[in-house]
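Trainee: So the chains spell out like this:
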Amino acid sequence: MEKKAHNIDINEKAISIKGLYKSFGDLHVLKGIDLDVHKGENVVVLGKSGTGKSVLIKILVGLLKPDSGVVEVLGKEVDKLSQKELDALRLHIGFAFQSSALYDSMDVRQNLEFPLTMNFKNLSKGEVKDSVEEVLEAVGLIDKLNQMPSDLSGGQRKRIGIARTLILKPQIMLYDEPTSGLDPITCLEINELINEVQQKYNTSSIIITHDLTCAKETGDRVAMLLDGIFVKTGSFEDVFADKDERIQSFYNYNFIK
Amino acid sequence: MTKKIRPYIFSRGIDETFKGVYDAFAFIALFFKQVFKPPFHFRQVIDQCYEVGIKSLPLITLTGFVTGLVFTKQSRPSLEVFGATSWLPSLISIALVRALGPLVTALICAGKVGSSIGAELGSMKVTEQIDAMEVSAINPFKYLAVSRIIATTLMVCVLSFYCSFVGLLGAFVNVHANDTTSFSNFFQSGFSDINFIDIFSSVTKSLVFGFTIGIVGCYKGFNATQGTRGVGKAANQAVVTSMFLIFVEEIVIVQISNWIRFF
Ligand SMILES: Nc1ncnc2c1ncn2[C@@H]1O[C@H](COP(=O)(O)OP(=O)(O)OP(=O)(O)O)[C@@H](O)[C@H]1O
Ligand SMILES: [Mg+2]
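The listed protein sequences derive, respectively, from chains A and B. Counting in the working numbering, the first sequence runs without a single skipped number right up to 269 at its last residue. Counting in the working numbering, the second sequence runs without a single skipped number right up to 1367 at its last residue.
Don't read these hints as lab results, they were simulated from the structure. Note that the Cβ used here is the ideal one computed from N, Cα and C, for glycine as well. Treat the hints with care, as some may be off.
In silico DSS-like links for lysine-lysine, alpha-carbon gap of 30 angstroms or less [what the hints assert, rightly or not]: (1) A/Lys30 - A/Lys255; (2) A/Lys88 - B/Lys1216; (3) B/Lys1177 - A/Lys88; (4) A/Lys133 - B/Lys1137; (5) A/Lys96 - B/Lys1177; (6) A/Lys92 - A/Lys133; (7) B/Lys1123 - B/Lys1246; (8) A/Lys77 - B/Lys1246; (9) A/Lys212 - A/Lys88; (10) B/Lys1123 - A/Lys43.
A few chain A residues that don't get close to chain B, going by computed Cβ distances all over 10 angstroms [what the hints assert, rightly or not]: (11) Lys30; (12) His50; (13) Asp99; (14) Leu114; (15) Ala150; (16) Leu164; (17) Cys199; (18) Leu200; (19) Gln211; (20) Lys212; (21) Asp254; (22) Ser261.
Using the sequences plus the hints, can you model the full thing?
Mentor: Okay, structure coming up:
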């Protein structure tokens, strides 16, 4: 599968993070993070479990507050916004949860309709139906329309989770470990899906993963998060050309084992 | 939610208790801030009312009926000593409307509804469904909590009158079997001693009880942590805490309405 050359606009920043610190009590998780995501770019964040990858993107959508630092998403400083402004911004951000986080009391259709109908009250039934079908088509699960989330496989749930974020036509996608816990073939499908989404909706994305295949397939740029800072950022090849022992062991574990 | 670590003011336990009380009041304040602000989720409120009603109706019917029946049966010998069994209807109706109806209903709802709210919201919390709502610009407090709190407040009130009524039916069965009092006579003498203050304090009580059950269930659910264990804990604490509060409120409201009665 070849990587698509999409149009990255390096003059426009979708996400800009400067000097971000975050700790929980005594636990210092993020210790001075700097990262820019340009418009149309897929940035992969790699890192060990528990290094604060999820915390990082939760800060981007305002689920967690940074201790210090500047976090700008689409030109707005996330932690300075009023609730109303934050909600307006959130409509442009798709957040695919690590756990999929589908509403388990609703079937697939209701899950997909929910963000749409709650935010845009005056949509017609037909418009909602079209949107639902469009995103289901995009993730290739049109036949699961009336199933309950509990009846779906893990991979299907991830796809529906992604579909649910796509329905609001986000400009930014944040994927939290989209391939974790999936078999290699499903992983490849999800990678493809991420690239398709990027092309079709022209999103800028952060993809969190510790799966190097996923990183290689989807990332225009890779950022390596170790001990609370990005020790290395660059193309996949650049990052893993680094002699840093921790980076090398990350690579070896994934490919040589 | 996160907080800066700082040395404890008193001790860990005391500090956390105060923090818990503060958080709970903040939660209540948030409810009143949100409840009158659009958007209103009427559909959700109706659904929740239905849930609350359906969940507890069979048990309340049974408990109410048995309470009325047994209470009458047990009071009868004492009144017979004074030849005052004709007072039974009004005694029972005062007992049911003033005290037993609201209290029994509230305790049953705390058990059935409170625990299920705690568990449901708790599991939504630990599986990040609440976060998912928030990031799609939907206010989860409003959508999930406010609608449930309104529903429990209203429904506990309705159910407690229903419970009193069913209790009176139970009482009637006993009274009719022993004294062959007619249905209309029974209710006439039953209601003759019920005044406005009784009804008012009973309504107030059950509104407060219902509100308590909703608030506590939602609060525990929204603050659930630690995965599946946290869900069970949230459900359990929702019941224990709301029952405790219901007893405290019962005592306070009875005291206040007795003062009012003297004026
Ligand atoms: N709300 C919170 N309160 C307290 N500590 C938290 C909170 N969220 C995360 N942490 C802590 O922050 C650290 C980083 O968590 P995070 O979920 O970001 O890890 P991660 O890099 O996403 O790991 P994984 O790959 O396993 O998902 C962990 O040690 C976690 O315990
Ligand atoms: Mg994570």
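Trainee: List, from low to high, the hint numbers that the structure doesn't satisfy.
Mentor: 2, 3, 5, 13, 14
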